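Q: The lines below spell out each chain.
2 protein chains.
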Amino acid sequence: MDSVKSDSLLSLLNTFSEIGKVQPAGFTRKVYDDQWIRGQLEYADAAKRFGLNVFMDQMGNVFAANTADLNDQAVILTGSHMDTVEHGGLYDGLYGDLASLVAIGDLFTTMGSSTVPLVAVSFSEEEGSRFETTFSGSKFATDQFDRTNLALLDEQGTDFATAREAAVKTLNDVIQMRSQRLHVKEYLELHIEQGPVLEAHGVEVGVVSGITGQMRLLITVNGKANHAGTTPMDMRDDALQTANAVMNSIYKALHQFTDLRFTIGKLNVFPNVTNVIPGKVVFSLDMRDLDQAVLANALAQVRSICAHRAIDIDITTNVQPSRMAPELIATISQSAAELNLSQTAISSGAGHDAQVISYQIPTGMIFVPSVGGVSHSPREFTKSKDLANGLAVLSTTLKKLAY
Amino acid sequence: MDSVKSDSLLSLLNTFSEIGKVQPAGFTRKVYDDQWIRGQLEYADAAKRFGLNVFMDQMGNVFAANTADLNDQAVILTGSHMDTVEHGGLYDGLYGDLASLVAIGDLFTTMGSSTVPLVAVSFSEEEGSRFETTFSGSKFATDQFDRTNLALLDEQGTDFATAREAAVKTLNDVIQMRSQRLHVKEYLELHIEQGPVLEAHGVEVGVVSGITGQMRLLITVNGKANHAGTTPMDMRDDALQTANAVMNSIYKALHQFTDLRFTIGKLNVFPNVTNVIPGKVVFSLDMRDLDQAVLANALAQVRSICAHRAIDIDITTNVQPSRMAPELIATISQSAAELNLSQTAISSGAGHDAQVISYQIPTGMIFVPSVGGVSHSPREFTKSKDLANGLAVLSTTLKKLAY
Numbered sequence: 006m007d008s009v010k011s012d013s014l015l016s017l018l019n020t021f022s023e024i025g026k027v028q029p030a031g032f033t034r035k036v037y038d039d040q041w042i043r044g045q046l047e048y049a050d051a052a053k054r055f056g057l058n059v060f061m062d063q064m065g066n067v068f069a070a071n072t073a074d075l076n077d078q079a080v081i082l083t084g085s086h087m088d089t090v091e092h093g094g095l096y097d098g099l100y101g102d103l104a105s106l107v108a109i110g111d112l113f114t115t116m117g118s119s120t121v122p123l124v125a126v127s128f129s130e131e132e133g134s135r136f137e138t139t140f141s142g143s144k145f146a147t148d149q150f151d152r153t154n155l156a157l158l159d160e161q162g163t164d165f166a167t168a169r170e171a172a173v174k175t176l177n178d179v180i181q182m183r184s185q186r187l188h189v190k191e192y193l194e195l196h197i198e199q200g201p202v203l204e205a206h207g208v209e210v211g212v213v214s215g216i217t218g219q220m221r222l223l224i225t226v227n228g229k230a231n232h233a234g235t236t237p238m239d240m241r242d243d244a245l246q247t248a249n250a251v252m253n254s255i256y257k258a259l260h261q262f263t264d265l266r267f268t269i270g271k272l273n274v275f276p277n278v279t280n281v282i283p284g285k286v287v288f289s290l291d292m293r294d295l296d297q298a299v300l301a302n303a304l305a306q307v308r309s310i311c312a313h314r315a316i317d318i319d320i321t322t323n324v325q326p327s328r329m330a331p332e333l334i335a336t337i338s339q340s341a342a343e344l345n346l347s348q349t350a351i352s353s354g355a356g357h358d359a360q361v362i363s364y365q366i367p368t369g370m371i372f373v374p375s376v377g378g379v380s381h382s383p384r385e386f387t388k389s390k391d392l393a394n395g396l397a398v399l400s401t402t403l404k405k406l407a408y
Numbered sequence: 006m007d008s009v010k011s012d013s014l015l016s017l018l019n020t021f022s023e024i025g026k027v028q029p030a031g032f033t034r035k036v037y038d039d040q041w042i043r044g045q046l047e048y049a050d051a052a053k054r055f056g057l058n059v060f061m062d063q064m065g066n067v068f069a070a071n072t073a074d075l076n077d078q079a080v081i082l083t084g085s086h087m088d089t090v091e092h093g094g095l096y097d098g099l100y101g102d103l104a105s106l107v108a109i110g111d112l113f114t115t116m117g118s119s120t121v122p123l124v125a126v127s128f129s130e131e132e133g134s135r136f137e138t139t140f141s142g143s144k145f146a147t148d149q150f151d152r153t154n155l156a157l158l159d160e161q162g163t164d165f166a167t168a169r170e171a172a173v174k175t176l177n178d179v180i181q182m183r184s185q186r187l188h189v190k191e192y193l194e195l196h197i198e199q200g201p202v203l204e205a206h207g208v209e210v211g212v213v214s215g216i217t218g219q220m221r222l223l224i225t226v227n228g229k230a231n232h233a234g235t236t237p238m239d240m241r242d243d244a245l246q247t248a249n250a251v252m253n254s255i256y257k258a259l260h261q262f263t264d265l266r267f268t269i270g271k272l273n274v275f276p277n278v279t280n281v282i283p284g285k286v287v288f289s290l291d292m293r294d295l296d297q298a299v300l301a302n303a304l305a306q307v308r309s310i311c312a313h314r315a316i317d318i319d320i321t322t323n324v325q326p327s328r329m330a331p332e333l334i335a336t337i338s339q340s341a342a343e344l345n346l347s348q349t350a351i352s353s354g355a356g357h358d359a360q361v362i363s364y365q366i367p368t369g370m371i372f373v374p375s376v377g378g379v380s381h382s383p384r385e386f387t388k389s390k391d392l393a394n395g396l397a398v399l400s401t402t403l404k405k406l407a408y
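The listed protein sequences correspond, in order, to chains A and B.
Under our numbering, the residue at position 374 of the first sequence is numbered 379, and the numbers go up by one with no gaps.
Under our numbering, the residue at position 112 of the second sequence is numbered 117, and the numbers go up by one with no gaps.
There may be inaccurate statements among the hints.
Put simply, identical chains are the same to the list, so a pair is met inside one copy or across any two.
Claimed, not checked - Computed list of lysine to aspartate or glutamate pairs in EDC-like fashion (alpha-carbon distance at most 20 Å, straight line):
| no. | residue 1 | residue 2 |
| --- | --- | --- |
| 1 | 257 | 239 |
| 2 | 229 | 204 |
| 3 | 257 | 242 |
None of these hints come from the bench; they were simulated from the model.
What you are looking at is a predicted structure, and each value in this text was computed from that prediction instead of being measured.
Put together the whole structure using the sequences plus the hints.
A: Next up, the structure:
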């Protein structure tokens with residue numbers, strides 16, 4: 006393992022451990038806020054120290070290329086995002102963000118220009134924690150951004166367009182604007198797993214096969230609220246008792262699928278009073294699988310369970326699964342093997358910029374273990390050895406693809 | 006049916022339909038508030054118009070006796086309560102309150118003094134909707150009131166003692182205080198059913214056999230919150246999935262009891278987010294039965310279902326069942342029969358002053374139908390014919406007992 010590279014990465018992470026730090030613990034850098042601006046400026050400074058060519062786009066995505074003269078050449082892009090959830094950890098987004106910069110900077114320092122230009126990116130936003138839209142940075146970069154989102158308001162009533170304009174103006178004082186969209190031939194992303202699989206199996210590197218599609222339902226069970234003491238059992242229409250039977254059937258039916266992940270995470274009872282028979286229950290169902298046909302089949306089973314009752318089903322989210330590019334999966338796997346790191350194919354149940362980008366561009370993704378599988382929490386942690394492993398796999402892969 | 010009596014009652018109810026009226030609908034007379042004071046004063050005025058002897062106690066219970074010289078004679082007491090829940094209906098409490106006054110007043114007018122003195126009572130509070138204590142009026146009158154409740158605060162931060170003192174002082178300007186506790190030999194209460202049974206079976210009068218005991222549990226199921234996308238199904242400890250199985254078993258086990266009424270009315274999931282596996286679920290279980298042994302057996306079954314898991318059970322309420330006095334049940338039943346009214350034995354699943362009083366004194370209770378079983382709601386309604394029927398049964402019963 007190259008200790009110079011991993012020292013650079015740890016030093017950068019240390020610098021960022023003060024940017025967006027919140028009490029009592031964790032980090033909050035919501036897109037376009039002051040700490041986010043500080044982060045993108047720090048990223049640009051670090052890129053300049055590596056001698057990279059720094060530029061940005063109208064969305065506030067910051068790029069660092071290993072050539073000053075890109076024009077419209079096809080490039081290999083690698084990176085992640087600068088924003089965090091509220092009270093998030095240090096590693097989600099930022100690890101891949103900084104590791105990409107270090108990998109390209111180090112390759113440039115040691116090997117000079119590449120045959121295919123390499124560009125690191127620090128995407129503006131992926132988490133959706135300020136405005137009700139996710140992946141706006143990578144969507145903009147790949148021409149998938151829906152401009153109606155510019156009218157979205159944050160909790161303080163500031164709209165996306167206004168927040169973006171002010172932040173981009175500040176960044177633009179020191180970072181040049183490139184109006185032309187990059188021509189990206191391949192995208193790579195390094196990320197902490199945010200789940201417990203690699204750690205539990207003692208595997209050092211996850212070669213991501215795909216990112217699961219996600220279907221979210223909101224299921225409403227209607228009954229009749231009534232007095233818990235005076236209403237005989239045979240004269241009740243108890244929405245929670247019905248919901249409980251429905252949930253029981255859903256759990257049973259969905260457990261039959263091999264890989265499907267499903268969660269009833271949210272459930273609200275109305276009026277939710279001890280001595281009142283529930284009149285209405287609303288619960289969510291989150292289902293994820295790499296295979297869209299499995300999701301469709303699962304939905305059909307849920308619909309069948311909910312038929313013939315006073316139950317409504319709303320589909321609130323329906324994101325298609327994404328597949329990583331086979332040639333990039335192979336190259337990442339080969340890199341891990343050459344580095345003598347244990348590896349496994351793994352699917353991602355969480356969304357990533359790589360998911361959105363893969364709809365347009367061949368994409369590869371590398372995971373490293375998360376201690377306890379914890380993420381979106383100040384307790385999020387990945388060991389230095391694992392951080393270095395991921396960086397080495399990314400660097401080796403980039404070298405194979407670009408030099 | 007005696008139309009004079011029922012006209013008096015309807016006229017009084019009409020007067021009260023302006024006392025505590027709130028927007029958009031319903032009535033709010035919380036104990037000791039201005040509208041409650043107005044109500045007790047109006048009650049005292051009506052009693053005086055009947056020529057009854059009006060007095061009160063330190064709690065603000067207002068009494069009306071058919072003799073000026075009670076001393077410590079054993080009396081028959083009948084009445085209900087003046088307070089309402091927030092946005093309650095016209096009939097809960099007030100119907101029995103005013104009907105008792107009319108019955109005693111009318112008997113006094115037509116038949117003069119009775120062998121056993123009759124006393125109507127308008128209890129101060131039964132609903133517990135201002136302070137976290139219920140039945141304080143009837144508990145005080147029967148020496149069961151726990152004085153530590155005087156320190157309880159309402160939502161505005163006023164304590165029970167202060168609120169009581171001010172209201173009682175105002176009432177005392179026009180109603181004489183009697184410091185000596187009444188010697189009550191029997192208590193009768195007329196009330197709307199607050200449930201759907203009488204209406205559904207087309208029966209005119211319910212002769213209450215008892216008031217169900219009530220056991221309330223709070224059941225906490227502990228699991229481990231985690232990411233819904235990244236946590237494999239076999240590495241989860243989903244508190245809602247466990248709770249669902251537990252609830253399913255509870256529903257099945259408790260449905261085996263013939264008369265037990267049970268309700269899971271309140272259920273909260275933590276953190277209650279669509280894409281987070283529930284880490285904790287807390288739900289209530291309300292169980293009611295006339296037989297304490299049935300409640301104990303049901304509790305044992307719930308404990309057994311919840312054994313061997315990370316589940317905690319708290320008993321938050323444990324009220325003993327109460328039985329109405331057999332001789333009063335017989336007299337009420339005979340009265341209804343003489344009046345050619347259809348009748349049925351019925352248990353009360355809701356609490357009443359009669360419940361508290363029955364622990365000390367032989368008690369009888371009469372129900373009349375509630376349209377749709379609706380109560381504690383502005384939609385609460387009982388037809389005039391049913392109001393008159395209940396009054397007639399009460400009046401006939403009092404006549405049998407006292408003259």
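Q: Hint by hint, note whether the structure agrees.
A: Comparing the hints with the structure gives:
Proximity of residue 257 to residue 239 under the C-alpha cut-off of 20 Å is restricted to the inter-copy arrangement: shortest distance 14 Å between copies versus 27 Å within a copy. With identical chains, the CA atoms of residue 229 and residue 204 are at most 20 Å apart between copies only, with a shortest distance of 18 Å across copies and 48 Å within one. In this assembly of identical chains, residue 257 and residue 242 lie within 20 Å of each other by CA distance solely across copies; the values are 16 Å between and 24 Å within a copy.
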